[in-house]
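Student: Chain residues, written in single-letter form:
Number of protein chains: 2
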Amino acid sequence: MALEIERKFLVLGSPWQDLPRSAVMRQGYLLASPERVVRVRIEGADAMLTIKGAMQGIVRSEWEYPIPLADADELLKLCEQPLIEKYRYRIPHDGMLWELDVFIGDNAGLVVAEIELESEGQTFSKPAWVGEEVTDDKRYLNANLLRHPFSTW
Amino acid sequence: MALEIERKFLVLGSPWQDLPRSAVMRQGYLLASPERVVRVRIEGADAMLTIKGAMQGIVRSEWEYPIPLADADELLKLCEQPLIEKYRYRIPHDGMLWELDVFIGDNAGLVVAEIELESEGQTFSKPAWVGEEVTDDKRYLNANLLRHPFSTW
Chain A
273 MALEIERKFL
283 VLGSPWQDLP
293 RSAVMRQGYL
303 LASPERVVRV
313 RIEGADAMLT
323 IKGAMQGIVR
333 SEWEYPIPLA
343 DADELLKLCE
353 QPLIEKYRYR
363 IPHDGMLWEL
373 DVFIGDNAGL
383 VVAEIELESE
393 GQTFSKPAWV
403 GEEVTDDKRY
413 LNANLLRHPF
423 STW
Chain B
273 MALEIERKFL
283 VLGSPWQDLP
293 RSAVMRQGYL
303 LASPERVVRV
313 RIEGADAMLT
323 IKGAMQGIVR
333 SEWEYPIPLA
343 DADELLKLCE
353 QPLIEKYRYR
363 IPHDGMLWEL
373 DVFIGDNAGL
383 VVAEIELESE
393 GQTFSKPAWV
403 GEEVTDDKRY
413 LNANLLRHPF
423 STW
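Line order of the protein sequences matches chains A and B. Going letter by letter, the first sequence gives residues 273 to 425 in the working numbering. Going letter by letter, the second sequence gives residues 273 to 425 in the working numbering.
Check each hint, because a few of them may be wrong.
Identical copies go unnamed one by one, so any copy, or any two together, can satisfy a pair.
Said to hold, decoys possible - Result set (DSBU-like, lysine-lysine): computed pairs, CA atoms no more than 35 Å apart in a straight line:
1) Lys324 with Lys280
2) Lys280 with Lys398
3) Lys349 with Lys280
4) Lys398 with Lys324
5) Lys280 with Lys410
6) Lys410 with Lys324
No lab work stands behind these hints, which were simulated from the structure alone. The structure presented is a predicted model; accordingly, all values stated were derived computationally and were not measured.
My request is simple: use the sequences and hints to build the entire structure.
Tutor: Next up, the structure:
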């Protein structure tokens with residue numbers, strides 16, 4: 273088990289526009305409840321099955337298993353529909369890695385930046401394009417964007 | 273993806289009593305709905321994460337992934353409680369393998385025998401201790417025994 277400790281922010285401007293476009297990331301949920309999440313994700317040729325426990329503040333337990341791409345393709349069909357689709361950009365800044373998700377489909381228009389931390393209190397510097405923090409706003413959880421996509425806000 | 277094609281029967285007498293006792297099998301469900309199932313199972317030193325699709329008659333899709341035992345121990349705590357616990361005996365008969373589950377805990381007293389088939393119409397011979405077929409009785413699904421254990425029938 274790993275601990276996922278993550279903070280999430282809105283994004284100012286379009287800092288990804290000069291970066292090479294990532295493969296589209298497609299993810300679906302076999303289960304998305306407050307207590308537990310079972311996610312299937314494909315990014316390019318890589319596929320992952322991920323289980324997450326309940327959020328405890330900004331911390332949650334996480335178990336990740338690489339699975340065959342063909343399995344993931346089948347499992348995405350078994351997931352709640354529609355899927356979440358987004359482009360992910362990975363942007364290093366001051367020794368940390370920011371992940372910037374540019375959503376498409378029903379969540380088009382939404383862009384969020386995430387940073388994964390080693391501990392809850394870890395400090396870090398923000399790039400200029402990092403805006404308001406939305407870590408505690410449950411609407412931005414991918415599992416919630418499934419049922420309440422950004423286009424309906 | 274594999275197809276799980278299984279028939280299930282009650283058991284006459286106690287055909288397992290002279291067989292070596294298996295390791296206890298502990299299994300839990302991260303999700304158990306009619307549409308999909310995510311199961312965690314430990315048997316001895318082996319642990320498995322299994323995803324199943326909806327039942328289509330006696331056929332359902334199945335994806336199985338071995339996972340580290342330590343992960344499975346943690347994931348069982350994340351599952352709906354209580355867990356399903358049983359002893360499994362594997363009994364060869366006429367070229368086929370019967371799996372006989374002797375439940376303990378809340379399902380103590382329940383014993384079922386399962387046979388996995390290659391196709392829905394496959395014929396097979398039954399050992400003398402195989403009783404009434406319960407394939408179509410949803411009460412006997414392990415995922416249902418969780419919420420409606422045999423002791424409450």
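Student: None of the hints should be skipped; say for each whether it holds.
Tutor: Each hint, compared with the structure:
no. : hint               : in the structure
1   : Lys324 with Lys280 : both (17 Å within a copy, 33 Å between copies)
2   : Lys280 with Lys398 : within (12 Å within a copy, 59 Å between copies)
3   : Lys349 with Lys280 : both (28 Å within a copy, 28 Å between copies)
4   : Lys398 with Lys324 : within (27 Å within a copy, 43 Å between copies)
5   : Lys280 with Lys410 : within (11 Å within a copy, 44 Å between copies)
6   : Lys410 with Lys324 : both (15 Å within a copy, 29 Å between copies)
Against the hints set out earlier in the document, no violation occurs for any number.
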